[in-house]
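Asker: Listed below, chain by chain, are the residues.
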Amino acid sequence: SQKIEQNSEALNIQEGKTATLTCNYTNYSPAYLQWYRQDPGRGPVFLLLIRENEKEKRKERLKVTFDTTLKQSLFHITASQPADSATYLCAPLTTDSWGKLQFGAGTQVVVTP
Amino acid sequence: KAGVTQTPRYLIKTRGQQVTLSCSPISGHRSVSWYQQTPGQGLQFLFEYFSETQRNKGNFPGRFSGRQFSNSRSEMNVSTLELGDSALYLCASNQQGNSPLHFGNGTRLTVT
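Protein chains in written order, with my numbering: chain A, 1344 to 1456; chain B, 925 to 1036.
Certain hints may be false.
Here are the computed lysine-lysine pairs in the DSBU-like style, where the Cα-Cα straight-line distance is at most 30 Å [said to hold, decoys possible]:
id: 1; chain 1: A; residue 1: Lys1360; chain 2: A; residue 2: Lys1400
id: 2; chain 1: A; residue 1: Lys1406; chain 2: A; residue 2: Lys1346
id: 3; chain 1: A; residue 1: Lys1406; chain 2: B; residue 2: Lys937
id: 4; chain 1: A; residue 1: Lys1414; chain 2: B; residue 2: Lys925
id: 5; chain 1: A; residue 1: Lys1443; chain 2: A; residue 2: Lys1400
id: 6; chain 1: A; residue 1: Lys1398; chain 2: A; residue 2: Lys1360
id: 7; chain 1: A; residue 1: Lys1346; chain 2: A; residue 2: Lys1398
id: 8; chain 1: A; residue 1: Lys1402; chain 2: B; residue 2: Lys925
id: 9; chain 1: A; residue 1: Lys1360; chain 2: A; residue 2: Lys1443
id: 10; chain 1: A; residue 1: Lys1398; chain 2: A; residue 2: Lys1443
id: 11; chain 1: A; residue 1: Lys1398; chain 2: A; residue 2: Lys1414
id: 12; chain 1: B; residue 1: Lys981; chain 2: A; residue 2: Lys1346
id: 13; chain 1: A; residue 1: Lys1414; chain 2: A; residue 2: Lys1360
id: 14; chain 1: A; residue 1: Lys1360; chain 2: A; residue 2: Lys1402
id: 15; chain 1: B; residue 1: Lys925; chain 2: A; residue 2: Lys1443
id: 16; chain 1: A; residue 1: Lys1414; chain 2: A; residue 2: Lys1346
id: 17; chain 1: A; residue 1: Lys1443; chain 2: B; residue 2: Lys981
id: 18; chain 1: A; residue 1: Lys1402; chain 2: A; residue 2: Lys1443
id: 19; chain 1: A; residue 1: Lys1414; chain 2: B; residue 2: Lys937
id: 20; chain 1: B; residue 1: Lys981; chain 2: B; residue 2: Lys925
id: 21; chain 1: A; residue 1: Lys1402; chain 2: A; residue 2: Lys1346
id: 22; chain 1: A; residue 1: Lys1400; chain 2: A; residue 2: Lys1414
id: 23; chain 1: A; residue 1: Lys1406; chain 2: A; residue 2: Lys1360
id: 24; chain 1: A; residue 1: Lys1400; chain 2: B; residue 2: Lys937
It is worth saying that the hints were derived from the structure and are not from the lab.
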């Protein structure tokens, strides 16, 4: 069955450093991969989408890579700030799974001043 | 544009009761999806509605049901509540199949 794995342990990082999160998937070949951010008690918020033919995507201090050979996506937050503290969820999807997104368990990031 | 609105925000029910949760999508969004989020299982897909029809369904028992109205508003119902149904129920809408989801802030359901 399809499986999505994200680092289960919280990532503690000092302000100004780069946080790198991993999303691994098995038993399917997604054409897209989305990343969301979730704050406590709130719904996830969409951040970035990367397509299988895109190696890298950037948005401000965020960078996502997508390696279909390794079946992995990396999510980087550069020059991290305490406001970046949240849980980050990945959601790989195939062309026929848009209406039934599956999410990884998420990785909590804690940025300390 | 107003975001996705879910009501109520919090709900406490007793085992065996039933509950109805409501979701108003972003104006113009025709697809509405529902998710259950628990600390142990994470975000689990329940079902998706498009133009009043259930288009996709997750692996939940028949006690979980939903519907969508002609104005795209959606409700989900859980009958015969169990303690394990305690969770944050999230609704999301999107404009078309290949666009990102916009989530509401959820309904926190506690079953005692």
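Asker: None of the hints should be skipped; say for each whether it holds.
Answerer: Hints, verified against the model:
1. Restraint check: the Cα-Cα separation between Lys1360 of chain A and Lys1400 of chain A comes to about 19 Å, which is no more than 30 Å; the hinted pair holds.
2. Distance hint between Lys1406 of chain A and Lys1346 of chain A is fulfilled; the C-alpha atoms sit about 23 Å from each other, no more than 30 Å.
3. Among the hinted pairs, Lys1406 of chain A with Lys937 of chain B is inconsistent with the structure: their alpha-carbon atoms are about 43 Å apart, more than 30 Å.
4. Using a Cα cut-off of 30 Å, the hinted pair Lys1414 of chain A and Lys925 of chain B is violated, with the two alpha carbons roughly 37 Å apart.
5. The hinted pair formed by Lys1443 of chain A and Lys1400 of chain A meets the criterion: a straight-line CA distance of about 24 Å does not exceed 30 Å.
6. The hinted pair formed by Lys1398 of chain A and Lys1360 of chain A meets the criterion: a straight-line CA distance of about 23 Å does not exceed 30 Å.
7. Among the hinted pairs, Lys1346 of chain A with Lys1398 of chain A is consistent with the structure: their alpha-carbon atoms are about 22 Å apart, no more than 30 Å.
8. For the suggested pair Lys1402 of chain A and Lys925 of chain B, the alpha carbons sit about 23 Å apart, so the restraint of at most 30 Å is met.
9. Distance restraint check for Lys1360 of chain A and Lys1443 of chain A: the Cα-Cα separation of roughly 35 Å exceeds the 30 Å cut-off, and the hinted pair is therefore not satisfied.
10. For the hint pairing Lys1398 of chain A with Lys1443 of chain A, the CA-to-CA distance comes to about 24 Å; that is within 30 Å, so the pair holds.
11. Only pairs whose Cα atoms come within 30 Å are accepted, and Lys1398 of chain A paired with Lys1414 of chain A is accepted, the gap being roughly 12 Å.
12. A threshold of 30 Å between alpha carbons decides the hint, and for Lys981 of chain B with Lys1346 of chain A the separation of about 18 Å falls inside it, so the pair holds.
13. For the suggested pair Lys1414 of chain A and Lys1360 of chain A, the alpha carbons sit about 26 Å apart, so the restraint of at most 30 Å is met.
14. Under the criterion of a C-alpha separation no larger than 30 Å, the hint pairing Lys1360 of chain A with Lys1402 of chain A is consistent with the structure, at around 17 Å.
15. The suggested pairing of Lys925 of chain B with Lys1443 of chain A holds, with an alpha-carbon distance near 25 Å, which does not exceed 30 Å.
16. Note on Lys1414 of chain A and Lys1346 of chain A: the hinted pairing holds, with a Cα-Cα distance of about 11 Å set against a maximum of 30 Å.
17. For the hint linking Lys1443 of chain A to Lys981 of chain B, the alpha-carbon distance of about 8 Å falls within 30 Å, and the restraint holds.
18. For the hint linking Lys1402 of chain A to Lys1443 of chain A, the alpha-carbon distance of about 25 Å falls within 30 Å, and the restraint holds.
19. The hinted pair formed by Lys1414 of chain A and Lys937 of chain B fails the criterion: a straight-line CA distance of about 42 Å is larger than 30 Å.
20. Under the criterion of a C-alpha separation no larger than 30 Å, the hint pairing Lys981 of chain B with Lys925 of chain B is consistent with the structure, at around 29 Å.
21. Note on Lys1402 of chain A and Lys1346 of chain A: the hinted pairing holds, with a Cα-Cα distance of about 27 Å set against a maximum of 30 Å.
22. With a CA separation close to 16 Å, the supplied pair Lys1400 of chain A and Lys1414 of chain A stays within the 30 Å bound.
23. Between the alpha carbons of Lys1406 of chain A and Lys1360 of chain A the distance comes to roughly 14 Å, so the proposed pair stays at or under 30 Å and holds.
24. Taking the CA atoms of Lys1400 of chain A and Lys937 of chain B, the gap is near 44 Å; set against the 30 Å cutoff, the hint is violated.
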